[in-house]
Amino acid sequence: MISFDLNDEQKMARETVAAFAVEQIRPAARIADESGSIPADLLAKAWELGLVRGCLPENIGGYGDPRIAVTGAIVAEELAYGDLSFALHAMAPRLLAFPVAEMGTELQCSRFLPPLAADNFVAATAALMEPSFDFDPSEMKTTAQWVSGEYVITGAKCYVPLAAESEVILVCATTNPGLGLPGVEAFLVRRDSPGLKISGREKNMGLRGLASFELTFEQCRVGPEDRVGGEHGIDFSRLLSETRVGMAAMAVGVARAAFEYSRDYAKERKAFGGPIATKQAIAFMLADMAIEVDAMRLLTWEAASWLDKGNDALKESYQARNYAAAAALAVADNAVQILGGHGYIREHPVEMWLRNARGFGVLEGLTIV
Amino acid sequence: MIDFELEPQLVNWLGVYHATAEQLMRPISRQFDENEHEEPWQFWQMSWAGSRDMAGVPSDHALTGSRNLYTCLSTEELCWGDAGLFLSIPNPGLGGAAVTAAGTPEQKKRFLSRFRGGKPKWAAMAITEPGCGSDSAAITTTARREGDDWVINGTKIFCTAGLMSAEKSEGFVVVWATIDRIAGRAGIKPFVVEHNTPGMTVVRVENKLGIRASDTAMLSFENCRIPLDHLLGSAEVTPAGGFKDVMATFDATRPIVAAMAIGVGRAALDFVHDSFKRNNVPLRYGISPRRLTAMERDFMEMEMQLKAARLLTWRAAWMLDSGMRNNLEASMAKAKAGKAVTLITQKAVELLGPLGYSRKELVEKWMRDAKINDIFEGTQQINQLIIARRILGYSSKELN
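In order, the protein sequences belong to chains C and H. According to the working numbering, the first sequence is numbered sequentially starting from 1. According to the working numbering, the second sequence is numbered sequentially starting from 1.
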């Protein structure tokens with residue numbers, strides 16, 4: 001039945017995370033962007049909100065809350081509204097925790113999840129993207145070949161958040177090139193595995209607060225017990241959809257931040273005897289931005305709700321992600337335009353949001369709902 | 001709880017509308033586009049007999065309390081069939097909406113009960129004048145009290161179903177006229193003028209770019225006398241009194257117009273989809289967007305835009321059903337759908353090339369039909385203005 005009502009838990013989650021984002025994350029965003037690091041005390045506070053352990057099972061130390069993609073999208077939007085780098089950093093452990101909890105074997109759950117359900121922030125991550133202009137998750141170039149009782153991983157990955165400080169990395173690789181998405185499996189690879197090399201930190205246009213890394217795999221061997229889901233493997237299409245909804249939700253947060261900031265600026269900034277917001281040229285831009293922020297959120301929620309019903313959401317999450325990526329860029333660009341020269345100066349956050357928003361059309365798999 | 005899935009019984013109910021669109025509207029779509037001002041009586045008789053209000057509420061099952069949402073859903077289906085024919089369907093239309101929004105319970109009963117039976121009937125709304133469109137507060141048509149009558153003088157244009165309501169059925173026209181020019185907006189009131197009332201004449205019926213099956217009339221009122229109790233609501237001139245009722249009507253009708261646009265857009269999209277399928281053009285969802293062909297990208301863009309418009313429309317209608325103020329959201333839906341579908345149908349013509357431009361197929365017609373949705377019931381720019389005022393917290397004086 002069609003409804004646009006959040007339930008009580010969702011309202012509460014939104015309220016809590018929104019307050020944290022406005023009061024604590026946002027004030028630290030510029031410093032994180034300039035210094036390239038996220039303050040540990042803020043991460044600790046975010047951890048206390050249960051962003052990762054909340055949905056992990058009780059028997060390994062989690063809170064046992066049901067994992068709901070719509071709620072995840074709401075939380076992701078609010079965090080990214082505060083700061084995208086922070087949001088991706090704080091949520092990165094989910095990239096390993098959620099697929100293992102959802103699709104992993106019992107043994108994998110009991111081995112890999114307890115540290116992620118403990119009291120302090122623990123880094124964990126996943127490696128999906130590859131450093132090639134024609135990167136496509138359905139034609140992955142990193143391979144995992146079954147050779148005499150082991151998987152041998154060969155290839156390269158990039159945009160792997162927190163790789164240097166994660167004990168274990170969930171690595172996506174195809175066991176059957178040519179099979180497309182169904183051929184992709186996930187492997188739990190220890191950071192110190194022979195054959196795995198982690199490069200120096202990546203330098204990117206945006207997301208400068210987020211430590212991300214390039215990985216190369218040369219004959220990196222993992223046992224069959226480290227294949228997520230054991231012999232059944234994983235539903236990579238679902239995993240991909242979950243990450244796309246996550247990225248779309250964060251794009252909504254960035255776009256909303258840019259929209260609200262430029263809206264408030266336009267009411268303050270005076271030209272030709274009045275606030276520039278009273279000119280239709282500016283007011284109509286803001287009206288379009290408001291529509292787009294709502295439109296991208298609804299597409300994201302639709303895809304999320306599709307996931308929550310257990311349906312195949314490959315198409316819906318693809319649409320949400322593609323729409324949100326384009327809309328976030330357009331909204332952030334308009335925000336810079338509304339601030340004019342001031343938008344280009346690093347004193348205001350809109351130039352940072354434009355750099356961050358550009359990433360959504362390029363990046364895959366940096367977060368998950 | 002957030003949910004975007006239609007219940008199975010609702011899907012069944014919509015299936016009836018879809019069948020109507022497919023079997024009764026599509027086959028005559030071209031005929032009534034090529035022959036403007038011809039009257040599709042067979043279709044009207046069938047739709048009148050089939051249901052008193054085809055765009056109305058499902059009455060045959062337990063799905064109640066979602067009137068506006070269901071109207072949007074059925075509207076999308078019927079406009080997938082033909083938007084011009086949809087607008088021509090005999091029903092209370094915008095005139096009925098005005099009675100519902102502004103009338104007393106007694107007036108609602110008096111003016112609307114005729115739609116329960118008898119011959120097909122129409123009701124229309126007349127706001128726009130030769131000298132004012134979007135600026136409806138500048139209305140110059142006057143209503144003067146003379147004894148037990150109101151005397152109306154003025155000219156109205158762009159009146160949808162004006163001909164059928166004023167002259168060719170036992171319907172009525174709701175005319176917005178001022179009873180106090182000095183009071184501005186507060187002085188504008190809605191009046192019900194019955195069919196064939198002396199003094200009301202249909203001056204002409206317009207020739208249009210699209211939605212040609214629907215008549216768009218120019219009406220003139222010369223000393224047109226109507227009884228006092230044909231004024232809807234109260235004659236008292238209070239600040240924002242009369243005009244508020246116009247606005248209340250728009251909050252309900254803008255999502256419906258958005259849904260009309262979406263129906264036309266979906267028709268074009270479905271046509272493109274079918275022709276892709278026939279010609280083995282793949283649609284590869286899930287792969288890197290950078291590897292899509294231009295055709296795939298265009299199609300997927302159209303599809304996303306249509307969905308965005310639909311979700312905004314459903315939200316606006318759902319809010320109204322839930323008793324929430326939806327003024328902002330109704331304008332968002334209308335602005336998004338009007339523009340998105342204009343572009344979708346234009347792109348469909350382009351993607352189909354010679355097939356798209358030819359009058360052998362309906363795609364070029366849908367492009368012409370689509371355009372009106374970005375104009376009537378508040379142009380794109382008027383809706384942007386409303387949205388901007390709301391998000392900025394400005395009055396109409398501060399932002400105009």
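Calculated from the structure, these hints are not laboratory results. We put the beta carbon where it would ideally sit given N, CA and C, even for glycine. Please note that the accuracy of each hint is not assured.
As the list claims (entries may be wrong) - Where chain H lies over chain C, by a calculated footprint (3+ residues, C-beta under 8 Å):
(1) 1–10
(2) 128–140
Unchecked claim - Partial chain H-side listing against chain C, Cβ under 10 Å, derived:
(3) I2
(4) V281
(5) R284
(6) Y285
(7) I287
(8) Q305
(9) N383
As the list claims (entries may be wrong) - Some residues of chain C that are not near chain H, with every Cβ distance over 10 Å (derived):
(10) E15
(11) I31
(12) W47
(13) A118
(14) G149
Results of checking the hints against the structure:
1. 1–10: Three-residue rule met by the region 1–10 of chain C, so holds; n is 8.
2. 128–140: Per the Cβ count (7), the hint holds.
3. I2: Hint holds; I2/H Cβ to chain C Cβ min 5 Å, cut 10 Å.
4. V281: With Cβ-Cβ at 17 Å, over 10 Å, it is violated.
5. R284: Check passed: Cβ of R284/H comes within 8 Å of chain C, closer than 10 Å.
6. Y285: Status holds, d = 4 Å.
7. I287: Constraint on I287/H satisfied, holds at 5 Å.
8. Q305: Hint on Q305/H: holds, closest Cβ of chain C at ~8 Å, below 10 Å.
9. N383: holds (8 Å)
10. E15: At roughly 16 Å from the nearest Cβ of chain H, E15/C sits farther out than 10 Å, so the non-interface label holds.
11. I31: holds (30 Å)
12. W47: holds (27 Å)
13. A118: holds (32 Å)
14. G149: holds (33 Å)
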